[in-house]
Structure formats: C-alpha cells, structure tokens
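Undergrad: Modelling step: build the complete structure from the supplied sequences, incorporating the hints.
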Amino acid sequence: MNLQNTHYLHEFSLLLTLASINNLPYEKVGKNEPVCIADEVPFEIPESWEWVRLGNIFQHNTGKALNASNRTGSLLPYITTSNLYWDRFELGNLREMYFSENEIEKCTATKGDLLVCEGGDIGRAAIWMFDEDIRIQNHIHKLRSYAEVCTEFFYYLFYLYKHAGWIGGKGIGIQGLSANALHALLFPLPPLSEQKRIVSKIKESEPLMEKYADVEKHLDKLNTEFPDQLRKSILQMAVQGKLVPQDPADESASVLLERICTEKQRLVREGKIKKDKHESVIFRRDNSHYEKRGFEEVCIDDEIPFELPNRWCWCRFSTICYKLTDGSHNPPPKRANGFRVISARNIKNGRILFTDEDRLCDQNGFNKENPRTQISKGDVILGIIGGSIGNTAIYGYDEPVIAQRSIAIFGSLINNKYMKLLLDSPLFQQQFNSKSNGTAQGGIYLGELANMLVPLPPVNEQNRILASISSLENKIVTM
Numbered sequence: 002m003n004l005q006n007t008h009y010l011h012e013f014s015l016l017l018t019l020a021s022i023n024n025l026p027y028e029k030v031g032k033n034e035p036v037c038i039a040d041e042v043p044f045e046i047p048e049s050w051e052w053v054r055l056g057n058i059f060q061h062n063t064g065k066a067l068n069a070s071n072r073t074g075s076l077l078p079y080i081t082t083s084n085l086y087w088d089r090f091e092l093g094n095l096r097e098m099y100f101s102e103n104e105i106e107k108c109t110a111t112k113g114d115l116l117v118c119e120g121g122d123i124g125r126a127a128i129w130m131f132d133e134d135i136r137i138q139n140h141i142h143k144l145r146s147y148a149e150v151c152t153e154f155f156y157y158l159f160y161l162y163k164h165a166g167w168i169g170g171k172g173i174g175i176q177g178l179s180a181n182a183l184h185a186l187l188f189p190l191p192p193l194s195e196q197k198r199i200v201s202k203i204k205e206s207e208p209l210m211e212k213y214a215d216v217e218k219h220l221d222k223l224n225t226e227f228p229d230q231l232r233k234s235i236l237q238m239a240v241q242g243k244l245v246p247q248d249p250a251d252e253s254a255s256v257l258l259e260r261i262c263t264e265k266q267r268l269v270r271e272g273k274i275k276k277d278k279h280e281s282v283i284f285r286r287d288n289s290h291y292e293k294r295g296f297e298e299v300c301i302d303d304e305i306p307f308e309l310p311n312r313w314c315w316c317r318f319s320t321i322c323y324k325l326t327d328g329s330h331n332p333p334p335k336r337a338n339g340f341r342v343i344s345a346r347n348i349k350n351g352r353i354l355f356t357d358e359d360r361l362c363d364q365n366g367f368n369k370e371n372p373r374t375q376i377s378k379g380d381v382i383l384g385i386i387g388g389s390i391g392n393t394a395i396y397g398y399d400e401p402v403i404a405q406r407s408i409a410i411f412g413s414l415i416n417n418k419y420m421k422l423l424l425d426s427p428l429f430q431q432q433f434n435s436k437s438n439g440t441a442q443g444g445i446y447l448g449e450l451a452n453m454l455v456p457l458p459p460v461n462e463q464n465r466i467l468a469s470i471s472s473l474e475n476k477i478v479t480m
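Residues 2 to 480 (my numbering) are what the sequence shown spells out, left to right.
Please keep in mind that the hints were generated in silico from the structure rather than gathered at the bench.
Quick caveat, the model's predicted, so the values are computed rather than measured.
You may find that some hints are simply not true.
What the hints assert, rightly or not - Distance windows between CB atoms, simulated:
1. Ile477 with Pro78: 52 to 58 Å
2. Lys276 with Lys243: 32 to 38 Å
3. Val256 with Ser289: 21 to 27 Å
4. Lys243 with His164: 45 to 51 Å
5. Thr73 with Asn24: 55 to 61 Å
6. Met480 with Asn24: 28 to 34 Å
What the hints assert, rightly or not - Restricting the straight-line Cα-Cα distance to at most 30 Å, the calculated cross-link-like pairs of lysine-lysine (DSS-like) are:
7. Lys212 with Lys202
8. Lys204 with Lys222
9. Lys293 with Lys278
10. Lys335 with Lys349
11. Lys378 with Lys335
12. Lys276 with Lys265
13. Lys265 with Lys278
14. Lys418 with Lys233
15. Lys418 with Lys293
All residues carry an ideal CB built from backbone N, CA and C; glycine is no exception.
TA: Below, the structure is given as structure tokens:
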C-alpha cells in the first residue's frame, strides 16, 4: 500500500492490494479478514493510487426535510436539487424555512463544500464557491473532506460515475444515493499533487471538449436529418428529370396525354365522369409555354418552375385524373358497426391503416356518400386539412369505404405510384405546407389541387424513376 495516501483514510477502513494473490483488490475493515472486492472495481488504476470508500475521505450528511408546521428558530434561505446543477447553482428562486441552532450547524454548506443530489438527478454535483454560507434541504448531500484533498477532482469523479452509469445506472451502478450508498462509493485516490495536476489538465481541455461537444451535436443533427434530406433531394431530382437518363427511344409524354384524353372521352360517353368544359392543354410555341382552355389561349411562362427534358410535358392534375374529390363535409352518424369512414388519421407512413377507432356508418350512410368518392383499390389519398396536409398513401384494400373531408382522392390515369411520388416531392410539399402553416384551419381546396402544374415524363421513364428510387431507398435504410 502507498503510505503517502494513508492520512486520507478514516476509521481504520483500508483497501489493500495483495500482490501475492494475482494483484486483486481486497478490503479490510477493522480486525475482520480481508475480502476481495474485484467485482466492485470499475477500472484499473496506477500503482501510486488507492481505492477508497468515499465515506472515508469525506464527512457527509443531508440537509433538513421541509416541515411547514415548524416555525421555531431562524427563517433562512435554503437550496434544493432544483437549484443544484452540474458545476453551477441557480439561486434566483430561493425558498426559506426555519432552522434551529443545531440544524444550522448540520445543514449549512460553506465555501469549498461538495454538494451532491440525493434525489432528482441522482449524483449531480457542484462545489459551493460563494463566500456566503447556504443551508441545504434533505435531498442534497454535503461533503466536507477530513483532510486536504482537491475537491474539484472528486467533482469530476461524480461527473464520470454519473455519465458512465455507475450512479443511477445499471450494472455495477447504484439506483439511489442514500447516505449509506454514498458512503460506500468506491473512488480512486491519487496523490494530492496528482489530483491537482489532473484537474488542471481537465480545465485546460474543457474549451476543446465544449467545442467538440458542439461539433458532435451538429453532426448528430446532420446524421438525423440527412436521410430525410437525401430522400427529398432524390424526389426533387426525379420530378425534374435529373434522376435517371433519358432514352431517345421512349414514347413522348405527349403521346401518353393523348391516350389519357381518349380514355376520359370514353368514360364521359359511358356516363362515368362529366365532361370538363375547360380541359387544359399545355403546349410550347416560340420557346414559350402556352395553355389553352376552351377557346382561350394564355402564355404561362411565369408559372413554369423549371425546364423539363425532351419528351416530358407540363400538364395539370385535372388532366391526368378521372377523379379528384374530397371526402364528405357532413359525414353520416356514427354506428357500432358497418362501413369505415376513413380520414387523414388513417394515413400512416405512406399507407392507409385501419384502426379500432375508425368511424363507422350504416348502409344508408354509405349509399348517400359513396357516389361522391367511390374509393377504389389503387386510388391515391392526400391529407388536405391542417397538420395532415401533404401526407400521402395508396388505398390498398378491396373493402368499400367512404371518407371525411380531411382527405382528397385521386383517381389516377397514370401510374399511381408515380402520382404518389409527385405528391411526395418537394415541388408539391412546399406548396402544401404554404397552405397549412401547421394549423387546424389551414387547408387545400380541390380547385387549387386540380390546377397545380405537373411535370410528366414518358411512361418508361416513370418506371425507371420508380425502380431507381426503390433501389436508393434500400441503401438509405441501411446507412
């Protein structure tokens, strides 16, 4: 045992290293036989150091418990765990209670005392460095050394033990910090001069550690946000025609629009949809973009957000949908069983999920509302009210349902997965967010949706874009 440290030890409790038994640490209390404490020792220490119980280095006690009925003695301010933080105190809201003369002596912290939380954030510590004394409440331990030590060294040990989980943590740690638990804490004890050198080095390094902590927080923020930012960038590249190469052999999107027009005419003849008397047709002339609605022709260059590759076209959502409607503004009465009435709350992670809390309606209610929405498997769903604005899903069930007004239903005449991709892209999400401002009152009108400009690629390129995004998503998930 290193004799230069023995003046710290109190009440003859010694921690001995018995070199003859594999250098394992043993503890000898009084005249009892030494006991191996290797399971308690959290790490190796240099030969010139010793393991000690904290109670053999510091006299310690907690403060006074609050007693509103006791009004004898002196009315004095005191601190609680809510005033004690790591290496600092918040003293702007001190309370007062009565202390007797004996209580004042026991419960007063003076300059240089180490104060440790017994409750609250267990083990949180700070050194009282003010010239004025202060009283402590019963959930704070006051530690005052028996002999000269560098108290700051032990403050840093509490910080280490707390953040390593050895106080209030798992494994070798303790869950509470009673007086007995505090007394039994096993701390390393270097020579006094080395304690001071260690503290000096820590203080010298603290500005660098704070800078590193700021950088680490920034990196953590970037790592957290990066996958979503990357997804947004990929979607934006996709809708601008920059994600996959164009193929000159692809059929132009204008041909796709002609087929869509033919299909809509068929649906009109069959009475399934109404004829749009102001159908939009967008075309280029003299390096400008024009739109024709009925007999009116207007230059729309100011609306075009970016240039598209060859074989792509601009169009409106109203052009590529045979159905664009919202749910019921006056949903039928609730019933214990029947047909589901879905809403924006059913949109979860890009899918429609049914829950036990879904509103149900009877056959009459369904028959009244279904002609409005006629939701079918494959329809694209969009949240259009308040905080749900911009959430999307593809309806994937055969089960007949109706909807509330918090969602819009797109009956798409293009690949429904590409339609969802469009709605998920920053091009449209930014427009949706500008309508909501995160409020319950914000919303998107169907007319606004129908009139939004859509960058439409050839069918084959739509498929290549979807395949590329699926592949990239798999890589993002494993990042």
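Undergrad: If a hint holds in the structure, say so; if it doesn't, say that too.
TA: Structure-based check of all given hints:
1. Between Ile477 and Pro78 the CB atoms are about 56 Å apart, so this pair conforms to the stated range of 52 to 58 Å.
2. Against the hinted window of 32 to 38 Å, the Cβ-Cβ separation of Lys276 and Lys243 comes to about 37 Å, which satisfies the hint.
3. One distance hint, 21 to 27 Å for the beta-carbon pair Val256 and Ser289, holds here, with the actual separation near 22 Å.
4. Separated by about 46 Å at the C-beta atoms, Lys243 and His164 satisfy the suggested range of 45 to 51 Å.
5. About 57 Å separates the C-beta atoms of Thr73 and Asn24, a value consistent with the hinted range of 55 to 61 Å.
6. Taking the beta carbon of each, Met480 and Asn24 are about 45 Å apart, not inside 28 to 34 Å as hinted.
7. For the hint pairing Lys212 with Lys202, the CA-to-CA distance comes to about 16 Å; that is within 30 Å, so the pair holds.
8. With a C-alpha separation of about 27 Å, the suggested pair Lys204 and Lys222 falls inside the 30 Å cut-off, and the hint holds.
9. With a C-alpha separation of about 12 Å, the suggested pairing of Lys293 with Lys278 holds against the 30 Å cut-off.
10. Among the hinted pairs, Lys335 with Lys349 is consistent with the structure: their alpha-carbon atoms are about 23 Å apart, no more than 30 Å.
11. Distance restraint check for Lys378 and Lys335: the Cα-Cα separation of roughly 24 Å lies within the 30 Å cut-off, and the hinted pair is therefore satisfied.
12. For a cut-off of 30 Å, the pair hint linking Lys276 to Lys265 stands: about 8 Å separates their Cα positions.
13. For the hint pairing Lys265 with Lys278, the CA-to-CA distance comes to about 13 Å; that is within 30 Å, so the pair holds.
14. For the suggested pair Lys418 and Lys233, the alpha carbons sit about 16 Å apart, so the restraint of at most 30 Å is met.
15. For a cut-off of 30 Å, the pair hint linking Lys418 to Lys293 stands: about 28 Å separates their Cα positions.
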